[in-house]
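J.: Here is what each chain is made of, one letter per residue.
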Amino acid sequence: MGREARGIMEDGARLMERVRARDGAAFERLYDSYHRLVFGVALRMLGDATMAEDLTQSVFMKVWSSPEAFRYGNFGAWIARVARNRALDVLRSRSLRDESEIPADLAEPGQLDDTVFARLDSERVRRALAALPDEQRAPIEMGFFAGITHDEIAKRTGIPLGTIKTRIRTGLRKLRVELDGAVSR
Amino acid sequence: MNGTGEHEAMLDLVAVAALGSLPAGELRIVTLHMATCAECRAEYDLLRPAADAVGLIAEEPIDTLRSARMKKRLLAAIAPAATRRASSPGALIWASSLVAAAAVVFALISTVQDIRLRSDLANAQRSEAQLQTRVAETQQTNVNERAMLADLFAANAKRYPVPDGEVVARGSHVYFALRALPALPKGKVYQAWTLAKGAKTVAPSVTFMPNASGSAIVQLPVNASGLAAVALSVEPEGGSKAPTSKPTFIQPLS
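One line per chain: the protein sequences are H and X, in this order. Numbering-wise, the first sequence is residues 1 to 185 according to this note's numbering. Numbering-wise, the second sequence is residues 1 to 254 according to this note's numbering.
What the hints contain is simulated information worked out from the structure, not anything from laboratory work. Don't take every hint at face value.
[Unchecked claim] Below 27 Å or equal to it, Euclidean Cα-Cα: the simulated DSSO-like pairs (lysine-lysine) are:
hint, chain 1, residue 1, chain 2, residue 2
1, H, K155, H, K174
2, X, K197, X, K246
3, X, K200, X, K158
4, X, K72, H, K62
5, X, K71, H, K62
6, X, K158, X, K197
Model the full structure from these sequences, guided by the hints.
T.: Listed below in structure tokens is the structure:
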């Protein structure tokens, strides 16, 4: 995300408080600020702009119809995870891929989010990810955006499964430290 | 889980679960393990926010026309929802999509007389109906599983350690999260029991069999807020109306 886009991105958590009160203008501003993010997640996972557009619509409809689903934490990270899970549902339901290659998610997004990261922005995450060695960053990004399991990551990269799992854990731990440092600076 | 090496391997799986890249089968194993392992649960809680943050880098520029079209569709869709909240916006989307699809179908039928095309269309409609049924079933399964997993890992869930696992209660839901249950002889099953507040006798609840490794996550189909205790025993296949064996455990819910 560029400097301009970051400048206009409003605090999603604050806007969501107004959306809960059925404030249509707040919802519109929420959409203006975050639709590129949702579309981006969907496009990366589905590889089709029309499907990504439909999914973006469906995610924001969910935000409007169930605003209580977001409770606290980083709104951008939450809505990106919602978009990811919806994209996984699409991949599953449309049988675009062998079901065994499609991962499952454990918790409803947002329920485990950390309030420390509430104001984390994409530039900080990009920098933190860039600070990881490629061998750790790549499987993390593949795992999140390719909508594939660790087995499939291992197959596609030709790296042993055990190594992939360890690199994901090591990378996420480093990312956590980097992000903790970023938000405390 | 035996041995440091095996536990390290489980911690690696926990990290993959936090990223959301485990297949459903392994996720159930990790879920069951985390229900009784504080270290792995803490690892998950540490890593999940970092994994969620990865999504923030996905923002893509969208061309102005597409962006305007998307916004127009969305605002048109929420306008009626804002004034008629009883109607599900999700249902409205489906309804409008179905109406649009129906219009296309009628237009085709009225203008194209080709019998073969009609036949193809009918086949496609049947396939679509079957697919939609399958989608609905899959989505419902996903919803149920996510709700259960959210309960099991909620910070405000009450956890009661029992032999071979825990009883987890959250809101109106109560679960047995058990592992390493002994295998049962043929014709026997595990059966849950519930004791309502103020009641003097237990009521029969679900019967179940653990998986090959002795693990089971079972939701009891009863409102947890009305319960004083739960119990587990081994019963004949089909279940019993009253316990016929010594309980594996009896757990008060305070």
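J.: Next step is simple, just say for each hint if it's right about the structure.
T.: Right, here's what the structure says about each hint:
1. For the proposed pair H/K155 and H/K174, the alpha carbon gap of about 24 Å is at most 27 Å, so the pair holds.
2. The straight-line distance between the Cα atoms of X/K197 and X/K246 is roughly 22 Å, inside the 27 Å bound, and the hint therefore holds.
3. Taking the CA atoms of X/K200 and X/K158, the gap is near 24 Å; set against the 27 Å cutoff, the hint holds.
4. Between X/K72 and H/K62 the alpha-carbon distance is near 16 Å, which keeps this suggested pair within the 27 Å criterion.
5. The hinted pair formed by X/K71 and H/K62 meets the criterion: a straight-line CA distance of about 15 Å does not exceed 27 Å.
6. The hinted pair formed by X/K158 and X/K197 meets the criterion: a straight-line CA distance of about 17 Å does not exceed 27 Å.
Of the numbered hints given earlier, the model fails none.
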